[in-house]
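The chain contents come next:
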Amino acid sequence: MAFRLFKKPARLTKAQLLTGKSMVHILVLGALVWQFVMGFTDNLGADPVQALLNFTGLHAIHILLLTLCLSPLAQLTPCGDFIRYRRMLGVYTFIYALAHFATYILFELQLDWPLIGSELIERPYISVGFVALLLLLAMAVTSFDRLRKKMGRRWQSLHNTVYLAILLALLHYSWSQKTVLADPLLYWFAAFVILLPRMKRWYQSLQRKSDGKKKHKTTATRTT
Amino acid sequence: MPKRFSPSVKLTENEVTDESVYRQRRTLLKSMGFLGASTLLSSKASAFGWFDDDDEKKIQREALDFSPAGKYSTAAKKTPYDKVSGYNNFYEFGTGKDDPAEYAHNMETDPWSLKIDGMVEKPFTLDHASLTSKFPLQERIYRLRCVEAWSMVIPWVGFELGALIRQARPLSSARYVAFQTLYAPEQMRGQNSRFIGGGVDYPYVEGLRLDEAMHPLTLMAVGLYGKTLPPQNGAPIRLVVPWKYGFKSIKSIVRITLTDKEPPTTWNKLAPNEYGFYANVNPNVDHPRWSQASERRIAGGGLLSRNRIDTELFNGYEEVASLYKDMDLKKYY
Chain A
1 MAFRLFKKPA
11 RLTKAQLLTG
21 KSMVHILVLG
31 ALVWQFVMGF
41 TDNLGADPVQ
51 ALLNFTGLHA
61 IHILLLTLCL
71 SPLAQLTPCG
81 DFIRYRRMLG
91 VYTFIYALAH
101 FATYILFELQ
111 LDWPLIGSEL
121 IERPYISVGF
131 VALLLLLAMA
141 VTSFDRLRKK
151 MGRRWQSLHN
161 TVYLAILLAL
171 LHYSWSQKTV
181 LADPLLYWFA
191 AFVILLPRMK
201 RWYQSLQRKS
211 DGKKKHKTTA
221 TRTT
Chain B
1 MPKRFSPSVK
11 LTENEVTDES
21 VYRQRRTLLK
31 SMGFLGASTL
41 LSSKASAFGW
51 FDDDDEKKIQ
61 REALDFSPAG
71 KYSTAAKKTP
81 YDKVSGYNNF
91 YEFGTGKDDP
101 AEYAHNMETD
111 PWSLKIDGMV
121 EKPFTLDHAS
131 LTSKFPLQER
141 IYRLRCVEAW
151 SMVIPWVGFE
161 LGALIRQARP
171 LSSARYVAFQ
181 TLYAPEQMRG
191 QNSRFIGGGV
201 DYPYVEGLRL
211 DEAMHPLTLM
221 AVGLYGKTLP
231 PQNGAPIRLV
241 VPWKYGFKSI
251 KSIVRITLTD
261 KEPPTTWNKL
271 APNEYGFYAN
281 VNPNVDHPRW
291 SQASERRIAG
301 GGLLSRNRID
311 TELFNGYEEV
321 ASLYKDMDLK
331 KYY
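Protein sequence lines, in the order shown, are assigned to chains A and B. The opening position of the first sequence corresponds to residue 1 in this note's numbering, with each subsequent residue numbered one higher. The opening position of the second sequence corresponds to residue 1 in this note's numbering, with each subsequent residue numbered one higher.
One should not assume that every hint holds.
As the list claims (entries may be wrong) - One-sided excerpt, in silico: chain B residues whose CB lies under 7 Å from chain A:
| id | residue |
| --- | --- |
| 1 | Gly86 |
| 2 | Thr95 |
| 3 | Gly199 |
| 4 | Tyr202 |
| 5 | Pro216 |
| 6 | Leu217 |
| 7 | Arg289 |
| 8 | Arg297 |
| 9 | Leu303 |
| 10 | Arg308 |
| 11 | Lys330 |
| 12 | Tyr333 |
For the record, the hints were derived by calculation from the structure and aren't laboratory data. Glycine residues also receive a C-beta, built at the ideal position from the N, C-alpha and C atoms.
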């Protein structure tokens, strides 16, 4: 039985897909709202601001890593429908990152605009995180089907910056710690493992490109 | 005469579960089952409040005899006890702010031995009882400014370090005071694993110039909020130097050594460009990665409490300024 399941493509029915998506909404959005409610009522330990920064930042990275798992999962398993959860998780990554930024601006720096400006520019780890947020923003606003069709190939190149976003996010996380030997190392490792299936592809396409250039060069010299 | 009750199961004294085992019952249960699932989720952010550990870690805190807060104390609003004891940097127990409250109860603080040696005429050792009885205790309500740009107001109970040092009769050649935290990897998980302990070289060491150590503001704290220190705050005895960043105020001290050379200090060894030997609170000298011009005062109230305040030079303790009269504080940060 189980054997057959793996041989045949496993398709989700519309009802299953919808149930799954509703569950994600309830869980992911619910957790975020709940955490802020706890923060406003001073139920997040000694420093609710720090707790919220940790919660939103860490879970933005968790959701982003999960998002990056979906396309290899869709390719490597018979269930191609994994891919249908990618956009919503991608958008949730952005929402969590935005909540993280909002917590920093509103509750950590408390709308001290000169301070916000100087921190964003002068502190590399803040700048790096901010760039990651801008990339996620660009991807989130172009996530609609109509825009995707309109943008054509440029859409894919824009959305490939998600790999840059995860690297910047992890750099931001590592850099925010007082010591190098800390939790972020585990995340670098997880990201490496998740990106591993893609690396082979990247390597091949890189080789193809340089091969193409070489060929082009040799033909060019021949003609002259 | 009514019939005497006799239990159907007869247990003798030696079948009684040992109290120490009984007290660990939840820990035992946990280590059997939930460990795998909870370690992933429960780390720093304590992901969702529902998985939080509700175990009440019973810490025995004893009431202390002390004279009330005097001229050195601030009248600012105090940080509530559960925040002071629930939000700590004590990397010996993990790098998360809630790790010390979670794990420090494994540290054995009684018996204790604090040795004062080095360039002194009369080296001596204090045992656990004499920590709170040898010198008269006072309450000192101090501001504490962490290098991470948050601050608290804490009612410490303790005695001046100067009194302790005078007792040992320092030699005229002594210029500095070196401090050392307990090294006990079997009780401190961060010393056992470099990963949990943030890659810090233990034991944690700190130092002061002798004149800083002798300043009446410099306190050896044995308690807070009127009772002995909880382990996560550095029981049974810790240093409190209110005009310096919190990491100077070394916890759970076992040794104080007078020397003629500037002693190595833990954070300075780890990142010399970020943490200097002096580490005086100074709004004009930023940490390379963040501003030190202002701080968030942790005093209670949720997200909406507007608690960002300006940081003051020497954390507002102007009386120490004369110690650094001719020094470039940007160079000696």
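Quiz prompt | Non-conforming hints, listed in increasing numerical order | solution = Hints 4, 5, 6, 8, 11, 12 are the ones this structure does not satisfy, whereas the remaining hints hold.
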